[in-house]
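2 protein chains.
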Amino acid sequence: MYNRSVRPFLTTRSLAPENQESPIHFLTKPIISYEYFYLRNHFNYPTLKEENFFFSIGGEVTQPQTFHLYDLLQMPKRKVLMLLECAGNKRSKFEPKVYGEQWEEGAISQGVWEGVSLKDLFQYTGLKAQAKEIVFEGYDFGEDKSKGKYLSYKRSLPLSKALHEDTIIAYKYNDQPISLKHGAPFRLIVPHWYGMASVKWVKSMDVVSYSFQGPYQTEDYVYYPYEDSDIDAYPVTTINVNSIIKAPLNFSILKKGEHTIKGIAWTGMGNVRKVELSLDHGQTWMEAKIEQEIKSHYSWVSWTFLWEFHKPGEYTLLCRAIDSHNRAQPMEAFWNRKGYGYNRISEIKVKIEG
Amino acid sequence: MYNRSVRPFLTTRSLAPENQESPIHFLTKPIISYEYFYLRNHFNYPTLKEENFFFSIGGEVTQPQTFHLYDLLQMPKRKVLMLLECAGNKRSKFEPKVYGEQWEEGAISQGVWEGVSLKDLFQYTGLKAQAKEIVFEGYDFGEDKSKGKYLSYKRSLPLSKALHEDTIIAYKYNDQPISLKHGAPFRLIVPHWYGMASVKWVKSMDVVSYSFQGPYQTEDYVYYPYEDSDIDAYPVTTINVNSIIKAPLNFSILKKGEHTIKGIAWTGMGNVRKVELSLDHGQTWMEAKIEQEIKSHYSWVSWTFLWEFHKPGEYTLLCRAIDSHNRAQPMEAFWNRKGYGYNRISEIKVKIEG
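These protein sequence lines are chains D and E, in that order.
Reminder that position 240 of the first sequence reads as 240 in full-length UniProt numbering, one-by-one numbering, no gaps.
Reminder that position 60 of the second sequence reads as 60 in full-length UniProt numbering, one-by-one numbering, no gaps.
One or more hints might be untrue.
One copy or two, either will do: identical chains are not told apart, so a pair holds if it fits within one copy or between any two.
Okay, derived cross-link-like pairs now, BS3-like style, lysine-lysine, Cα gap no bigger than 27 Å in a straight line [said to hold, decoys possible]:
(1) Lys29 to Lys295
(2) Lys97 to Lys349
(3) Lys154 to Lys172
(4) Lys246 to Lys338
If you are wondering where the hints come from, they were derived from the structure by calculation, not from laboratory data.
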């Protein structure tokens, strides 16, 4: 009863389906445990039955097959530290405001996924010459309230992405079987793409010779640059270069003196090359110190910056990450009607008192 | 491991000291259990020792005394369903933005507090004629980071408020001993005032003949109407008339047709007399149906309103509560520098799809 222990929790955005943010500002380790990994669902959780421990591969393959968890455990392993970020992360920051789940900064988490590269897996089935995409279907289904339709969750990957050596069908997370809420027993893990590509509860992989047109890649997870028209729309894929300032917290009140500014930065193309901070609204930029705790192409980096606040007053801190492809966080967000890929320069305000 | 249960959590605002919001939008019962009761602290939690089970009464009394929990259990009981709301609740909504903990709508919770009326308790000590205020000190102490000083938490109540029959020194919450995080073993419970008055971990009550000038009532918990000046400042006391819309969630996307709009409303003066909704930016108002689940002067009321959305488009819903003293939520928030008492008309936007 007399419990003094203090810990953060997931932040609830909705319960049916369950959508919860990671308390990312309050986590200090580079590997996030299940209990703090963000949850983003389209439907209620599926019930895990014996049949879920199988998935099938069919379509444009020379040898259609069904695989059991035990089969996968016999295959070569691939283990990668990888972040997943929801394409709607930071949606609440768009101006004008955008409808949908009002994610703040916590729809991102990372940890070690382990499984089999699809490139190895497809050795067992072969691929026909006309194979173009692989359609992944999850065991999750139900009414999609925003569409008023009963659906299952299905998305495709082009063959080139699917056969990247770090695109894996994972069965472990942080050396434990994947938990139900995160896709047990099999979750597709797609490096560098937003999280909607990493299909949970994988039921089947269907190799097709055409461009798959499911609603989760032709209606949702599409950038629509205009409010009233669908022209110039294009699909959401690669994670944008991005960052957050973890400390101090936005709108906090601090004492004069030295403060360590801390955060993380990440990208879906190459690596984070540089993180810069500005205290003069972007006129001049100073380089933060980057620490990559664990070597991985797919993880965020931590950064710190020591700053001494000499004078009381209100300060605006800007932070931008720049990746090895020279993509930098922009001064203006790319507004799009469904609110994906927000990566405007990160900003906090603090008040320094005497 | 295969846990499908879905539940909300507290939302973390800071961990040292611990400040966490109630997931109020996702709770349906009128009585909030400990695990969902908001947490608002000035310091780290005190360690509970044998001595904490005593508090002393001194100062301008005829008979100074120390009381043990067992003494209180022998006295007449007072049991009240009462809400507590942090004075900073909704602070994040102020425009221009205000520094400090960025509470959204969940720094409010309610349940059944049980203990002894101070009016009965002070029968045992008597009060001298010059008694003017009672200063309550908690066992919590430490560095107040915004002040750069070591302090304990102390606040006073004027005698008239302290001796109201529903101002109690509580030792139970929802029929259980109060948990450490909420003030065990003794918490002052002050009806109709914002939560800062309901001192936790009560250590002493000091009756004084003057106006107590502690920082938690002369620096913090003061309305400062101007950014650069302290003129016209006055202390935060009574809870403002207020409401929240619990469903639909802000910026949600809904299908055409009938939807039940739901929320709660409360006040620190009298009762909630009426809750009204507007779909035309405040030109016309329609009355919501109020349900008071449990009879209490100090609890919120639930309200519902059935509305049919005929046409796709974006809608703004406004909600205002009006109390029995004819206080209504205003169209403009009363801006104040430290961000207390926000009670502008509640607002959500929803998008209706065909």
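Here is what the structure says about each hint:
In this assembly of identical chains, Lys29 and Lys295 lie within 27 Å of each other by CA distance solely inside one copy; the values are 14 Å within and 48 Å between copies. Taking CA atoms no more than 27 Å apart as the test, Lys97 paired with Lys349 passes in both settings, with 20 Å inside one copy and 10 Å between copies. For the identical chains of this complex, Lys154 and Lys172 are intra-copy neighbours only, at 22 Å inside a copy versus 52 Å across copies, given an alpha-carbon limit of 27 Å. Taking identical chains as interchangeable, the C-alpha atoms of Lys246 and Lys338 lie at most 27 Å apart whether they share a chain (26 Å) or sit on different chains (23 Å).
Going down the numbered hints, you'll see the structure goes against none, and every one checks out.
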